[in-house]
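*Asks:* Got chain A sorted already, so can you dock chain B onto it with the hints?
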Amino acid sequence: MSQSEPILTLENTEGRTTRPSVAPRIRQDQRAQRIFFVITLLPVFLIVVVTIALLVRAWPILQAFPLTDLLFGTVWKPSEKMFGFGPFILGTLWVTVVGVGVAVPPCLLAAIYLAEYAHASTRSFTKPVLDLLAAIPPVVYGVWGLLAIVPFVEDVLAPLAKRWLGGVPFLAVNQPTGFSILAGGIVLAVMIAPLVISVVYEIFLTVPNDLRHASLAVGSTQWQTIRNVVLPQVTPGIVAAVVLGASRAFGETIAVLIVVGNVPQVPTSIFDSAYPLPALIANNYGDMMSIPLYDSALMGAALVLLVVILIFNILSTLVLQRMLRRKWA
Amino acid sequence: MGMKKNYWRRRHLMELFMKTLMRISLVGAAASLGLILWTVVARGLPALTWDMVTQSPKGGFYMGKEGGVLNAIIGSLYLALGGTLLAMLFSLPIALYLKTYLGSSKWGQYVRLSLDVLWGIPSIVYGAFGFTIMIAIGMRASLLAGIIVLALVELPIMVRAMDEVIRRMPADLEQAALALGSTRFEVAMRVVTRQMLPGIVTAILLAFGRGIGDAASVLFTAGYTDRIVTSLMRPTASLPLAVFFQLGSPFPEVQQRGYASALILTIIVLAVSFGSRWLASRLNKYTIK
Numbered sequence: 001m002s003q004s005e006p007i008l009t010l011e012n013t014e015g016r017t018t019r020p021s022v023a024p025r026i027r028q029d030q031r032a033q034r035i036f037f038v039i040t041l042l043p044v045f046l047i048v049v050v051t052i053a054l055l056v057r058a059w060p061i062l063q064a065f066p067l068t069d070l071l072f073g074t075v076w077k078p079s080e081k082m083f084g085f086g087p088f089i090l091g092t093l094w095v096t097v098v099g100v101g102v103a104v105p106p107c108l109l110a111a112i113y114l115a116e117y118a119h120a121s122t123r124s125f126t127k128p129v130l131d132l133l134a135a136i137p138p139v140v141y142g143v144w145g146l147l148a149i150v151p152f153v154e155d156v157l158a159p160l161a162k163r164w165l166g167g168v169p170f171l172a173v174n175q176p177t178g179f180s181i182l183a184g185g186i187v188l189a190v191m192i193a194p195l196v197i198s199v200v201y202e203i204f205l206t207v208p209n210d211l212r213h214a215s216l217a218v219g220s221t222q223w224q225t226i227r228n229v230v231l232p233q234v235t236p237g238i239v240a241a242v243v244l245g246a247s248r249a250f251g252e253t254i255a256v257l258i259v260v261g262n263v264p265q266v267p268t269s270i271f272d273s274a275y276p277l278p279a280l281i282a283n284n285y286g287d288m289m290s291i292p293l294y295d296s297a298l299m300g301a302a303l304v305l306l307v308v309i310l311i312f313n314i315l316s317t318l319v320l321q322r323m324l325r326r327k328w329a
Numbered sequence: 001m002g003m004k005k006n007y008w009r010r011r012h013l014m015e016l017f018m019k020t021l022m023r024i025s026l027v028g029a030a031a032s033l034g035l036i037l038w039t040v041v042a043r044g045l046p047a048l049t050w051d052m053v054t055q056s057p058k059g060g061f062y063m064g065k066e067g068g069v070l071n072a073i074i075g076s077l078y079l080a081l082g083g084t085l086l087a088m089l090f091s092l093p094i095a096l097y098l099k100t101y102l103g104s105s106k107w108g109q110y111v112r113l114s115l116d117v118l119w120g121i122p123s124i125v126y127g128a129f130g131f132t133i134m135i136a137i138g139m140r141a142s143l144l145a146g147i148i149v150l151a152l153v154e155l156p157i158m159v160r161a162m163d164e165v166i167r168r169m170p171a172d173l174e175q176a177a178l179a180l181g182s183t184r185f186e187v188a189m190r191v192v193t194r195q196m197l198p199g200i201v202t203a204i205l206l207a208f209g210r211g212i213g214d215a216a217s218v219l220f221t222a223g224y225t226d227r228i229v230t231s232l233m234r235p236t237a238s239l240p241l242a243v244f245f246q247l248g249s250p251f252p253e254v255q256q257r258g259y260a261s262a263l264i265l266t267i268i269v270l271a272v273s274f275g276s277r278w279l280a281s282r283l284n285k286y287t288i289k
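Those protein sequences? They're chains A and B, same order as listed.
Note that the first sequence covers residues 1 to 329 in the working numbering.
Note that the second sequence covers residues 1 to 289 in the working numbering.
Bound-form chain B, shown alone:
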């Protein structure tokens, strides 16, 4: 009898113990987000001036004199926008093909496997790859090169996110369209694309957010310059690299601006993330539930 009672107590104590550990872990994960945001805001905000977002670096900027990182903000927006558009051009057909033509066939599994593998390749490798191609064809670091490499980084993120939502589309919708005599292409363009629009938009913005924050891929390919970029063939600054270079400076004022630049980047990324959530919920009104 005593044995039994003991056992009862031990397993219930264990239950309580594990549950508490789990709660702590989950709170810890959430808290780390808070800590990161708090650190970046607390250290970045004091150095975040109007000049930071409205001016390009002036003479002596990297020694703590006047100027801002407008060149990097504009450069990053161009890079991420171009990369996202280019990636979209390929992602949407791939995601639609996976859904309407391949389904969960063997080939579909192979394509998904290769997308997962591409997704796992670190951006520094894409950067190095872009660099080898640029050397081979005699191209120099430029906005265009940066856009192409970013598109490679974003492509698997975008397709996987699209595939995730598209494959969750109710089968009856597709079957109803097919039963009415639609071709698979018509199902893809008129049913899947419209019904899954919120998910597609989310996927595109997710990839955009990933692209705008990526430093390792543009390091080799887009270069860096203090001027605002005016041509596809010119090198361009980017916000992640602006943060990175300013952190490496021996001047405290410049480091402070590095923190402020990190805050700007964080604000942009959070805005994209919240924006996509809001947009998706708006667009959800126009889909069949």
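Okay, chain A solo, but in the shape it has when bound:
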């Protein structure tokens, strides 16, 4: 798009024929280019440096125990040198799956409405609402979850499930409080909603209008057009948006920590408490230096988080970059 060749180069300006004022400006340009280039390498290096730093700190625990014991072990007793991440990894997975499950259907519908149906006025009203939703700090989401969602789960959803959904797997009510995976999932769902809605919306905008017009012209309703013409075009992008939302949910710390109960157990129901990995790291940073291998184990937990999220993110970003570029092509 923009030019990739410099218009003037040192070779053709430093010669005797050209104006004297140009050369210093070219030199300034090239000096700036070098400095900018070095600064721009920072983000690329940062990813590598963060990974290596965590790997170095986690090395002792990786040496002391086989990886499968760490990842699938279910007993967590640092003082007795037992470091099984199993319950925490499962807790994170449960909360993430519930959060994404709650978020995706309404977010998709809302994004489709914004892209395909909504008036310009609805769009211009929705954008600041989503921006504000994204701007609210995690800890405030946590306060909201504590004051509104935990009681809602405890007083409304759990009794309902107990009354009507007794035998259904994953929905058993085993504990009296609302500090649960479901509460964490609902809070996460609202937190990732602005991201998922805006990414899906952008993807829908990449589909050329001709396709819609062709479908409408042969008599399809708008929903038929969306289902049969637009959706098949954007499916990879939607999957990528969902994965992006999931990776966001996977690493969310404070908001989840406040509402999820933090009981290190292998959950069996969405009404159970859980203890996600980020909460484990955040809750124990204080006393981790006093027990051998404990700090290494926590940094190992951070490394697990990082690796999973890197994989999720790289995959979804590659898909989205490819899809969104089509708009400018």
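Just so you know, these hints were derived from the structure itself, not from any lab.
Remember, it's a predicted structure, so these values are computed and weren't measured experimentally.
The beta carbon of each residue, even a glycine, is placed where N, CA and C say it ideally should be.
Not one of these hints is a red herring.
Sample of chain A residues lacking proximity to chain B, with all beta carbon distances greater than 12 Å (derived): (1) Leu67; (2) Val156; (3) Leu157; (4) Ala161; (5) Leu165; (6) Pro169; (7) Thr206; (8) Pro236.
Okay, the calculated beta carbon distance ranges per label pair: (9) B/Trp38 <-> A/Gln175: 24 to 32 Å; (10) A/Phe45 <-> B/Leu85: 16 to 24 Å; (11) A/Thr177 <-> B/Leu13: 37 to 45 Å; (12) B/Arg282 <-> A/Gly286: 42 to 50 Å; (13) A/Val44 <-> B/Glu164: 14 to 22 Å; (14) A/Thr177 <-> B/Glu164: 41 to 49 Å.
*Replies:* Okay, now just chain B, sitting in the frame of chain A:
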């Protein structure tokens, strides 16, 4: 004939049904914002006293006695300000380099990919990373450490937001400047920066808002103290952690103050968000349309 009529009816009912579902979803998303704000205001306002914003914790504050969270408010402002300034120092060159030098080349795509990936790394991981570095160089929890880690959290947010607006700059402006003999550096500094100033300001304030609300990254790195911070090398309180710690208290008075602290944090974040919108529309007057 009857078949056809039925089909006609079904697809139109489906249209209506889906449209209604979509409207409900959208209203639901908007309503959740209302619910969050209402909850925080309704529960925070009763405990929000003048002392809360003008005093630091006194003896027995964490058992429900006198004091406020001024230490955390000041600490958070310092942290977010420092983090934002530091992040800006790197973000602006990166965003300009992406636009004027890399454009949409292969390298540009790689840099954008790595920024997107950095953006997705959770702040607890940045916190843990900062902590490992602090141990390695023997640094203790301090305002400076908090600022550096916040800058890492804010950097990708800021660059991505800047890149979003800068790449939307009309190509003719850049081409006109180049045609007149400007170097790319001059285009970056004199054309892109000025024309895109509203977007750049919005990006900076967006990152500031994100930084001031982030708890997981400063938990390891900035520490917590009841005094107002006076030195870069000292630990500092921060508002998100003040909320977090007070919520965990067994005393109802302290929990109430936690809600009030959450309200203060929400007000600051909303003010930044609205402020950036207002500022951007003001600055927009001075750009070429």
